[in-house]
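Line by line, the protein sequences are chains B and A. In terms of my numbering, the numbers along the first sequence are unbroken and rise by one, the last being 710. In terms of my numbering, the numbers along the second sequence are unbroken and rise by one, the last being 1129.
Because the hints were derived from the structure by calculation, they are not lab data. Hints should not be assumed to be uniformly reliable.
[To be verified] Label-pair ranges, simulated between beta-carbon atoms:
| no. | chain 1 | residue 1 | chain 2 | residue 2 | range |
| --- | --- | --- | --- | --- | --- |
| 1 | B | GLN374 | A | ARG1074 | 37 to 43 Å |
| 2 | A | TYR1066 | B | ILE4 | 35 to 41 Å |
| 3 | A | GLU1123 | B | THR558 | 47 to 53 Å |
[Claimed, not checked] Below 27 Å or equal to it, Euclidean Cα-Cα: the simulated BS3-like pairs (lysine-lysine) are:
| no. | chain 1 | residue 1 | chain 2 | residue 2 |
| --- | --- | --- | --- | --- |
| 4 | B | LYS236 | A | LYS1007 |
| 5 | B | LYS45 | B | LYS563 |
| 6 | A | LYS1048 | A | LYS1077 |
| 7 | B | LYS257 | A | LYS1119 |
| 8 | A | LYS1048 | B | LYS260 |
| 9 | A | LYS1048 | B | LYS144 |
| 10 | A | LYS1077 | B | LYS207 |
| 11 | A | LYS1077 | B | LYS257 |
| 12 | A | LYS1078 | B | LYS14 |
| 13 | B | LYS236 | A | LYS1077 |
| 14 | B | LYS43 | B | LYS585 |
| 15 | B | LYS260 | A | LYS1077 |
| 16 | A | LYS1119 | A | LYS1007 |
Heads up, the beta-carbon is just placed ideally off N, CA and C, and yes, glycines get one too.
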Amino acid sequence: MAEILKEYNYTPAKLHRGYANKSLYINVGDLSIVEKEVTQWMKDKFVGGKGFDLWYLWNAVTPETKWDSPENEIVMSAGPLGALTQYSGTGKTLVASISPMTGIPIDSNAGGYFGPLLKLSGWDALELQGKADKDVVIFIDGNKGIIRFEEGEEYPEDTHLLAEILTERFAENEDDKVNVAVVCTGSAAKTGYMGMLNFSFYDPRRKTCRYKQAARGGLGTILRDKKIKALVVRFKGVTGNLNDVADLATINRIGIKYHKQMHDLDEKQNRMRTIGTANTVMVMNKYDLLPTRNFQTGGDPETYRIAPEVFVNQFLTQGLHDGCWYGCTMSCAKCADNFLLTSGPYAGTRVTVDGPEYECVAGLGSNLGIFDPQAILEENFYCDTYGIDLISFATTMAFVMECVQRGQVTREQLGGLDLRFGNKDAVLELMHLMSRGEGFGKIAGLGIRRLKKIFVEEFGADEQLLNDIGMENKGLEYSEYCHKESLAQQGGFAMTNKGPQHDEAWLIFMDMVNNQIPTFEDKAYALFYYPMFRTWFGLCGLCKLPWNDIVPADNYKTDVPAKVPEHVQNYVDIFNAVTGMSIDKDELIRQSERVYNFQRVFNLRMGHGKRDEDYPPYRSCGPVSEEEYLSRQELYDKQLVEKQGLDPEKMTLTEKIAATRAYRMDQYEQLMDAVYKRRGWTMNGVPTPEHLKEIGMDLPMLLEVVEPHL
Amino acid sequence: MKFLAHKQEICDGCRKCEEVCSQLYFKTTDRNYSAIRINNNFNTYHAKKCTQCGECINMCTANAIYRDRNGVVRIDKKLCVGCMGCVGFCTELVMFYNDDQPTPFKCVACGACVKACPKHALEILVSQA
């Protein structure tokens, strides 16, 4: 039995209209605890979830705070709609901190039961500050009103072991395991900046823990730096109205209508219940969007080997509920049961592998030139259990492999690892090295921005080439979409607050395939509306997938099918039914604008957040190399004629690449101007005082930050 | 597998079955609380009630639905979280709910309505399925 370091008793708050109206502050340095009031002002300005996270984080840090400063916090919050059970995707936990990768606030979110059970235990948010001397486990019992610190040195680090042990440890019996949720990371979180957080939920059918990840930006790295081994919450008694909502009948009605859509339409639409987000792999391949060999191309003839049906037919258990919170009938968290590992410390054991999600198949598969489903699942497992952000790892590996391909680094410089595209064994070996903190594994987890510096300064690599092919912006690696032909998505990645992650804007099909946003103004509107709309999910504790990964049968008849108007109205109605408020779809966007602009100013406060940091690497925008140009020569030549009035017949390949680049970067500049104008920012990307006033965020603390930059 | 069968040709639509069901389980005569619903379609009476097909068992998001030893599909109210997923997923539209009840409800082939039916239009059958 682990030594109990401290125990604190509290009276769990009853929820009312979506809020507990209390938040929990924990300092793991001195084991102090503070119960804070959640004020109406906080709700008005920040709603909850990511909004509360950023507000608490702002108050905790200074402009000088680094990711590993003791005052840096990890803040977690479910939003006011979190822990509902009647609508799909109501179990997200939003997490924020100052990121080791970017130096600015990162926000990331995960399914799993932790956030909802934390909220049902009486806490709208949890702040974790300070650093412990030795590994500590923090346990919150929401039924008994106990917060307990336990010594955590004795536990293993890797998630698939640790979470099972802690679930067993804190559940009162087998049936109680579903009431326990764990947040932890893994052994590789110590050796780089891309450590992620696993959020568990117990699967009573498979009798094992399953995991979802708040993966981006190094949150696991920060957790381990604070010497927090794990967070555990236990709450028994989830029912349909613990949020004490204002209008349960509306929530039931809308929820059932949505469940029926899922039942009737999912198999005809995206088959989320069958394969999850990986359903899109072949579609991406078809439209030249599947990143292949570090985003050099958008597809490959070998992709059929990692097609959705391969995973469905050979690996994924079908027919069981796979939702990561109660009530989610989208049920997309697929998994492969009894998967036999072939490498690393757990070789020879059979495990349950969550996923693979789309980002996994594209990132650890095609983008590394690996078209082997078995290898992808094994990479997926080790990323999860070692606590590695799969996206940052995959995109970083793709970068390293292209550096090898182009002779920028040698095998010897990589500690002997043969990191050529397609070498799954070398990729897995690198993961094991990261877990042990050995060889190239000591620095691989630092991410592309820092590897570029090392490769240039220590190995003499070509700086411009590395800047062109290193798919990072603001220090964060791109997620897995080859988007060279979508100007809007180039902005959708590089004009984000936290770095290039598709959860802010995914406009590729609207822009590139369906040509629904042809002008700069159209694109600017899309880069206003969708990031704001998507931000709102993070304020409320919601998953975005149920919004548009299934649509009503008559959605195509609506004025803007891309918005899925019926589902937008569902969210407006549910928000009002929970809180008793009466927002409309415009106020929904305004709620997000407040937090979005707050985050932008937060970036400024941390010494970042202006135009110069919103530029993408050129690989995001167009063909860097001759092979890339030649792979789509017909398209690029046609664009030279139609868009620039040039005659490709009279140009060398080098001239054509240069002309294409000049044109595309000019287009990007024009897009930035249009987007900044639409968002109410100066041409340097700074929110104007007038705009802050218009959205109700002309707070002195924000004005003080923006004024020097006007 | 026990299930409730309805003889459409005999039923005269008196709805005594609805009354008995809602009275037995919810102490009310409001038919919205009955797990059997008689619908009149041009004076032909159709009974909506669970066929015990069990499609709701594996989709249940709380693992709260199970088949008992008699083959009857039941909801464990201690485990049910009131997500209403089964209501939306029931192909036969015979998983019922009310807003003042925390969990959905369904026919469990208890036979109370069989005894009450004045026309003997209901019976409990056992299939090998």
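A quick look at each hint next to the structure:
1. B:GLN374 x A:ARG1074: 37 to 43 Å: Once the Cβ atoms are compared, 40 Å apart, the range 37 to 43 Å for ARG1074 of chain A and GLN374 of chain B holds.
2. A:TYR1066 x B:ILE4: 35 to 41 Å: With a Cβ separation near 38 Å, TYR1066 of chain A and ILE4 of chain B satisfy 35 to 41 Å, so the hint holds.
3. A:GLU1123 x B:THR558: 47 to 53 Å: 48 Å, holds
4. B:LYS236 x A:LYS1007: With Cα atoms ~44 Å apart, LYS236 of chain B and LYS1007 of chain A exceed 27 Å; violated.
5. B:LYS45 x B:LYS563: 25 Å, holds
6. A:LYS1048 x A:LYS1077: Given pair LYS1048 of chain A, LYS1077 of chain A holds - Cα atoms ~22 Å apart, limit 27 Å.
7. B:LYS257 x A:LYS1119: Distance ~36 Å between LYS257 of chain B and LYS1119 of chain A Cα, so the pair is violated.
8. A:LYS1048 x B:LYS260: Answer holds: LYS1048 of chain A to LYS260 of chain B is near 18 Å, not above 27 Å.
9. A:LYS1048 x B:LYS144: Outside the cut-off at roughly 44 Å; violated.
10. A:LYS1077 x B:LYS207: 21 Å, holds
11. A:LYS1077 x B:LYS257: Given that 27 Å is the threshold and the Cα spacing comes to 22 Å, the pair holds.
12. A:LYS1078 x B:LYS14: 20 Å, holds
13. B:LYS236 x A:LYS1077: With Cα atoms ~14 Å apart, LYS236 of chain B and LYS1077 of chain A stay inside 27 Å; holds.
14. B:LYS43 x B:LYS585: 18 Å, holds
15. B:LYS260 x A:LYS1077: 22 Å, holds
16. A:LYS1119 x A:LYS1007: Holds, because 10 Å separates the two Cα atoms, which is no more than 27 Å.
The earlier numbered hints that this structure contradicts are 4, 7, 9.
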